[in-house]
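What follows is the residue order along each chain.
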Amino acid sequence: MSEMTRQQIGGLLARQGILVAFALFMIGFALANQRFIDPDNILGVIRSSAILGVMALGVTFVVISGNLDLSVGSMMSFSTIVVLDLHDKIGPALAIPAMFAMTLCLGAFIGFLVGYLKLNSLIVTLGMLSAIHGLTLTYSGGKNMDIADKEGTWFSIFGQGEALGIPVPILLFAALAAVLGIALAKTPFGRKVYAVGGNGTAATFSGIKRARVVFSCYVLSALCVAIAGLIQASRSLGSQNTVGQGMELEVLAAVILGGASLLGGSGTIFKTVIGVLILGFIQNGLLLVGLQFYVQYVVTWVIIILAVWLDIAAKRGKLWSPIA
Amino acid sequence: MQPGALSTFLKRGAIWGFIVLELIFFTVAGEFLSLSEKAFMDVDNMLLLFKQSAPIGIIAMGMTIIMINGNIDLSVGAIYALSAVILLDSMTWPVFAGLGDWVIPVGWLLALLTGLVLGALNGLIVWKTGVDAFIVTLGAMLGYRGLVFMYNGEQPTSHLNWTLVDFAEAQVLGLHTATWFLLLVTAAIWFLMNRTVHGRNAYAIGNNREAAVNAGIRVGPHMMINFMIVGFLAALSAVVFYSESGSVNPNDGELYELWVITAVVLGGTKLTGGAGSILSTFGGVLAIQLLRKGLSHIGADTETVNLVIGLILIAVLFLDRQLNVKGKEELKI
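Chains A and B are the protein sequences, given in the same order. End of the first sequence sits at 324 in UniProt numbering; the numbers just go up one at a time, nothing left out. End of the second sequence sits at 333 in UniProt numbering; the numbers just go up one at a time, nothing left out.
If you're looking for bench data, these hints aren't it; they were derived computationally from the structure. Think of the CB as a built atom: it goes at the ideal place given N, C-alpha and C, for glycine as much as any other residue. There's no promise every hint is true.
[Claimed, not checked] Calculated Cβ distances over 10 Å to all of chain A for the following chain B residues:
id: 1; residue: 27
id: 2; residue: 33
id: 3; residue: 41
id: 4; residue: 98
id: 5; residue: 108
id: 6; residue: 139
id: 7; residue: 155
id: 8; residue: 169
id: 9; residue: 186
id: 10; residue: 190
id: 11; residue: 213
id: 12; residue: 254
id: 13; residue: 304
id: 14; residue: 308
id: 15; residue: 309
[To be verified] For each label pair, taking beta carbons as the anchor points, the in silico distance ranges come out as:
id: 16; chain 1: A; residue 1: 139; chain 2: B; residue 2: 13; range: 32 to 38 Å
id: 17; chain 1: B; residue 1: 23; chain 2: A; residue 2: 315; range: 49 to 55 Å
id: 18; chain 1: B; residue 1: 24; chain 2: A; residue 2: 287; range: 21 to 27 Å
id: 19; chain 1: A; residue 1: 28; chain 2: B; residue 2: 251; range: 42 to 48 Å
id: 20; chain 1: B; residue 1: 163; chain 2: A; residue 2: 266; range: 36 to 42 Å
id: 21; chain 1: B; residue 1: 95; chain 2: A; residue 2: 144; range: 23 to 29 Å
id: 22; chain 1: A; residue 1: 266; chain 2: B; residue 2: 43; range: 15 to 21 Å
id: 23; chain 1: A; residue 1: 27; chain 2: B; residue 2: 213; range: 18 to 24 Å
[To be verified] Using 25 Å as the maximum straight-line C-alpha spacing, the simulated SDA-like pairs for lysine to any residue come out as follows:
id: 24; chain 1: A; residue 1: 118; chain 2: B; residue 2: 209
id: 25; chain 1: A; residue 1: 89; chain 2: A; residue 2: 140
id: 26; chain 1: A; residue 1: 318; chain 2: B; residue 2: 213
id: 27; chain 1: B; residue 1: 128; chain 2: A; residue 2: 314
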């Protein structure tokens, strides 16, 4: 095989490697256990991935713009607790917009700090992780939240309802993925997000308002978090304060698995969805072949590093790093 | 006065000034608000403060050199947990049954070795694959945590050795064993970073990696050594803490990486690498612990600690940027 074609194949594998790996996993698990490809099982997996997935959609925008968001987990706890608390106080019809408004305010605050004040996004969102966690605990007084009348509320439709035989969380996830996917790939705003993350200085010189783009990305991320919180609250109709704890890193893992570079400028919504589904199906597949839930942590570890390694190895044309 | 000297002084002394402010505030506020009769600045209270700072503080020393080097390690909490499991479990292995109390140093050694190996694995992957340390250690955080669970399922691992507990609870010259470990580690890391070639090179690599390579510094081995040190210190922290408590849950150490990074950043170490001081990290660790103790002393909910620390972290970042010469920062982006 000539050098040229080998490189092409290598490049193709690296670019679409995540899809190949996904297909291999699906085939492997399907052979190991028939129940894995049962439609009910597949719908169940996507449904339980929807919350993580919705959050990952927003974080994809933030990561492509060259920043990080570690606060989505505790922000999700916040929106879940708030909407559950307000549900009994002012009714679901008012509670939902109120929760969205509060969550968007948090997102706007982070966007202001990172976009307009140009503070380091890792530390800002790390600080906000802690601050929002404290806010949630103070708001709830450290207690769990529960809806009093769990049978008689229409609020449960977002997490437990079905339309056309498909669970509502999946529909929400799919609709949001479609809208945001188009927004990222086909609109001027999407192009600006790529430009800011790819080369911020060049983007500024070509007249893009960097601060405004970064700000919008964080508000968008907060919007996704609010929707995730809504699904979570509606699904369980009661919640602990720490429901989203640690999810920020799982979300980031899904986004990275989808091939978005932490340096910004690359990644797509479609690939993030694949990343989310891979995590979900691996977890499900390992459970179905009789392994404990924690085995997926180790598998995820290996997959993340392999995925990113092969990706950058293809870009530099060498397997091993040039670090002396 | 030279230009920039004032801001340098402010930055160096800021964390200690902050600690003094905290002490004054909590002493005064405690007079009015505290439910207990004891003063906040009580000697026993302060000794306890040092002891309670030790688990985070010992790891923070390692994290400081990782961050000076321009990397980050998110897996320290998981390394901490796995080392603790090895420490407590190894003392019950039948192989060591005949050793009597000599099983303690063996257990310690195995636990420390665990940390060293896990750190080395992180370092090796960062070095050889060129994947960003953030991603490598993010993965390792999940993977090592998975190993903790695989070791003993969801059960806690417990083993109490009274000789060990006596040792951990001992007070030498008034200071607790854990405090001594914190002080020794701080001194050792300070020496490493300020008086050895390795430390100087770590600063150089973090400050300008290309220049360091051109000057003939081998970046890879230095990074790997630093990851081994932070792994070792995470294990040492576990050894110090679990010698006394004697029981580890598989979830222990979660979010430690965030507390540690918060302490290091409060101490003024830059995420971009090349700048940072061990003594200021020590200050950052004390400041956080003081805040926790102080808030509970004046009767505030423990929950508010998270809120306050998060906002302080952002405020510190903002002030730090305002104090920096602007043009220099713009260039670095």
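Hints, one by one, checked against the model:
No beta-carbon of chain A comes within 10 Å of the beta-carbon of residue 27 of chain B; the shortest separation is about 24 Å. For residue 33 of chain B, the shortest C-beta to C-beta distance to chain A comes to about 17 Å, beyond the 10 Å cut-off, and the non-interface label holds. Here residue 41 of chain B stays apart from chain A, with its beta-carbon at least about 26 Å from theirs, past the 10 Å limit. With a minimum CB-CB distance of about 34 Å to chain A, residue 98 of chain B clears the 10 Å threshold, and the non-interface call stands.
The claim that residue 108 of chain B is not at the interface with chain A holds, since no C-beta of that chain comes within 10 Å of its own (minimum 26 Å). Not every CB of chain A is more than 10 Å from the CB of residue 139 of chain B (nearest about 4 Å), against its label as outside the interface. Chain A leaves residue 155 of chain B outside its interface by the beta-carbon criterion, the shortest separation being 12 Å against a cut-off of 10 Å. With a least CB separation of 30 Å from chain A, residue 169 of chain B remains clear of the 10 Å interface cut-off, as annotated.
Look at residue 186 of chain B: its CB is around 23 Å from the nearest CB on chain A, clear of 10 Å, so calling it non-interface holds up. With a minimum CB-CB distance of about 24 Å to chain A, residue 190 of chain B clears the 10 Å threshold, and the non-interface call stands. For residue 213 of chain B, the requirement that its beta carbon stay farther than 10 Å from each beta carbon of chain A is not met, with the minimum near 6 Å. The non-interface label for residue 254 of chain B is inconsistent with chain A: the shortest C-beta to C-beta separation is roughly 7 Å, within 10 Å.
Listed as outside the interface, residue 304 of chain B is inconsistent with that label: its C-beta sits roughly 6 Å from the nearest C-beta of chain A, within the 10 Å cut-off. For residue 308 of chain B, the non-interface assignment is contradicted: its Cβ lies about 7 Å from the closest Cβ of chain A, within the 10 Å cut-off. A beta-carbon of chain A comes within 10 Å of the beta-carbon of residue 309 of chain B; the shortest separation is about 5 Å. As the Cβ distance of residue 139 of chain A to residue 13 of chain B is approximately 36 Å, the hint placing it in 32 to 38 Å holds.
In this structure the supplied range 49 to 55 Å holds for residue 23 of chain B paired with residue 315 of chain A, their Cβ-Cβ distance being about 52 Å. One distance hint, 21 to 27 Å for the beta-carbon pair residue 24 of chain B and residue 287 of chain A, is violated here, with the actual separation near 55 Å. Judged by the Cβ atoms, the range 42 to 48 Å given for residue 28 of chain A and residue 251 of chain B is violated: they are separated by roughly 30 Å. Range check, residue 163 of chain B to residue 266 of chain A: Cβ separation about 56 Å, and the 36 to 42 Å hint is violated.
At about 45 Å, the beta-carbon gap between residue 95 of chain B and residue 144 of chain A misses the expected band of 23 to 29 Å. In this structure the hint that residue 266 of chain A and residue 43 of chain B lie 15 to 21 Å apart at CB is violated, the actual value being about 57 Å. Between residue 27 of chain A and residue 213 of chain B the beta carbons are some 44 Å apart, a value that contradicts the proposed interval 18 to 24 Å. For the hint pairing residue 118 of chain A with residue 209 of chain B, the CA-to-CA distance comes to about 24 Å; that is within 25 Å, so the pair holds.
For the proposed pair residue 89 of chain A and residue 140 of chain A, the alpha carbon gap of about 13 Å is at most 25 Å, so the pair holds. About 19 Å separates the Cα atoms of residue 318 of chain A and residue 213 of chain B, which keeps this hinted pair within 25 Å; it holds. As the CA atoms of residue 128 of chain B and residue 314 of chain A are separated by approximately 15 Å, the hinted pair is consistent with the 25 Å bound.
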